[in-house]
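On the provided structure of chain A, position chain B as indicated by the hints.
Heads up: the protein sequence lines correspond to chains A and B, in order.
The first sequence begins at 1 in the UniProt record's numbering and counts up one residue at a time.
The second sequence begins at 1 in the UniProt record's numbering and counts up one residue at a time.
Treat the hints loosely; a few may be bogus.
[Said to hold, decoys possible] In silico DSBU-like pairs for lysine-lysine, Cα to Cα no more than 30 Å straight-line:
#: 1; chain 1: A; residue 1: K121; chain 2: B; residue 2: K53
#: 2; chain 1: B; residue 1: K66; chain 2: A; residue 2: K147
#: 3; chain 1: B; residue 1: K179; chain 2: B; residue 2: K160
#: 4; chain 1: A; residue 1: K143; chain 2: B; residue 2: K136
#: 5; chain 1: B; residue 1: K136; chain 2: B; residue 2: K116
#: 6; chain 1: B; residue 1: K171; chain 2: A; residue 2: K88
#: 7; chain 1: B; residue 1: K136; chain 2: A; residue 2: K146
#: 8; chain 1: B; residue 1: K144; chain 2: A; residue 2: K147
#: 9; chain 1: A; residue 1: K88; chain 2: B; residue 2: K179
#: 10; chain 1: B; residue 1: K171; chain 2: A; residue 2: K143
#: 11; chain 1: A; residue 1: K104; chain 2: B; residue 2: K171
#: 12; chain 1: B; residue 1: K188; chain 2: A; residue 2: K147
#: 13; chain 1: B; residue 1: K171; chain 2: A; residue 2: K146
#: 14; chain 1: B; residue 1: K53; chain 2: A; residue 2: K115
#: 15; chain 1: B; residue 1: K53; chain 2: A; residue 2: K143
#: 16; chain 1: B; residue 1: K53; chain 2: A; residue 2: K110
#: 17; chain 1: A; residue 1: K146; chain 2: B; residue 2: K144
#: 18; chain 1: A; residue 1: K180; chain 2: A; residue 2: K110
Keep in mind the hints are simulated off the structure, nothing from the lab.
Please read these numbers as outputs of a predicted model, since none were measured by experiment.
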Amino acid sequence: MAELNTGDGGGGKGGKVRSKKQNAKVDLTAMVDLAFLLITFFMLTTTLSKPQSMSLGLPDKEKDPKDKNDIKVDENRTMTLLLGDDNKLTYYMGLLATPIAGPKEIAYGKDGIRKELLSRKKSVLEYSAGIGKPKNGIIVIIKPTKKSTYRNLVDILDEMAITGVETYAIVNDFSPEETKLVDKK
Amino acid sequence: MAKIKMKKKSMSTDMTAMCDVAFLLLTFFILTATAKVPEALPVDTPSSTVQTKLPETDLATITIGKGKVFFDLKGREVRRRTLELMSDKYGVAFTDDDKTEFSLMEGFGVPITSLKQIIEMKAADRSKAGQPGIPKDSLDNQLKEWIYNARIANIEVADKELQFAIKGDAKEEYPAIRKVMDILQDQKINTFNLVTGLRGKDF
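Chain A extracted, bound-state conformation (with noise of 0.2 Å):
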């Protein structure tokens, strides 16, 4: 492709006999394309395989989880999600006795809890700023079920990231009414 035999040019004339004068170039082309082709997958594999990582910061132990709920924090700002079987959610906001919005099942991914955390966020940003104090965003509590999966864990706490919920947190024991709601369905 890029060697253009210069030698032969006038073969047609005259019927001279020229010695034909030898290309000693080689022709690299392909050689360097396939050169450049290793080059880009080892690149490629050298960096990409790398794992990905999610950092996850845990409250220390001493503290019962349980006392999450115990300090005064304003239901109008915590919203529950339970991690069910089979890939199940249930949210509330607020208090179960007397929740603000749901007990609702909801779906994982953009159309389902990301939407909803979303607006959810929005609404008690407002209600904090009604009241006073704009910085106070909403309060998640992830509560993972003993049939829960690692991946649900992980897609909630990457919802987290995404959606930029600051404030959450994994609490670990259930309250029967918890536990009949998860179980109910």
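Relative to chain A, chain B alone:
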């Protein structure tokens, strides 16, 4: 009539230098690339959108899958020291060769008493050996000791606090993950990394 002869231009560019550079880079990348060690316990990690990379050094990875727990450490010196501390603790003797071999191998998941057998196996056989996982119940909590001694070893060798990564199988049920997190938290390790795959935001 003066004939203007068009000089026939050679269309080829000189590729020699380019070729040289390309192969130089290629050699560099081949040599720096590390061969992927087969994992002792293959797991299917869940994916997330977070794009932080795991640290390269001072890292311990706890792999959880199928109810088993495997432990892996980065850094040869740290591994060697950890094994020494563990062998003191449990009274299991290891030879110098064993220690060297251990510092080079990948993650493992056996009780310390059968660790010697695993070390003596060939690398290819280890993954087939059906390792039962590190005991982690309250009676015989070897995982806790591994974590504890690895932290000591890392501070001795690198003078840095060891970081922990949890690599769980996506289908693993939460209690198994919680158990490991509890063991870590018992030692006041409250921050750790969860190893995940990569995905876009529209899932």
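Against the earlier hints, flag every one the structure doesn't satisfy and list their numbers going up.
none
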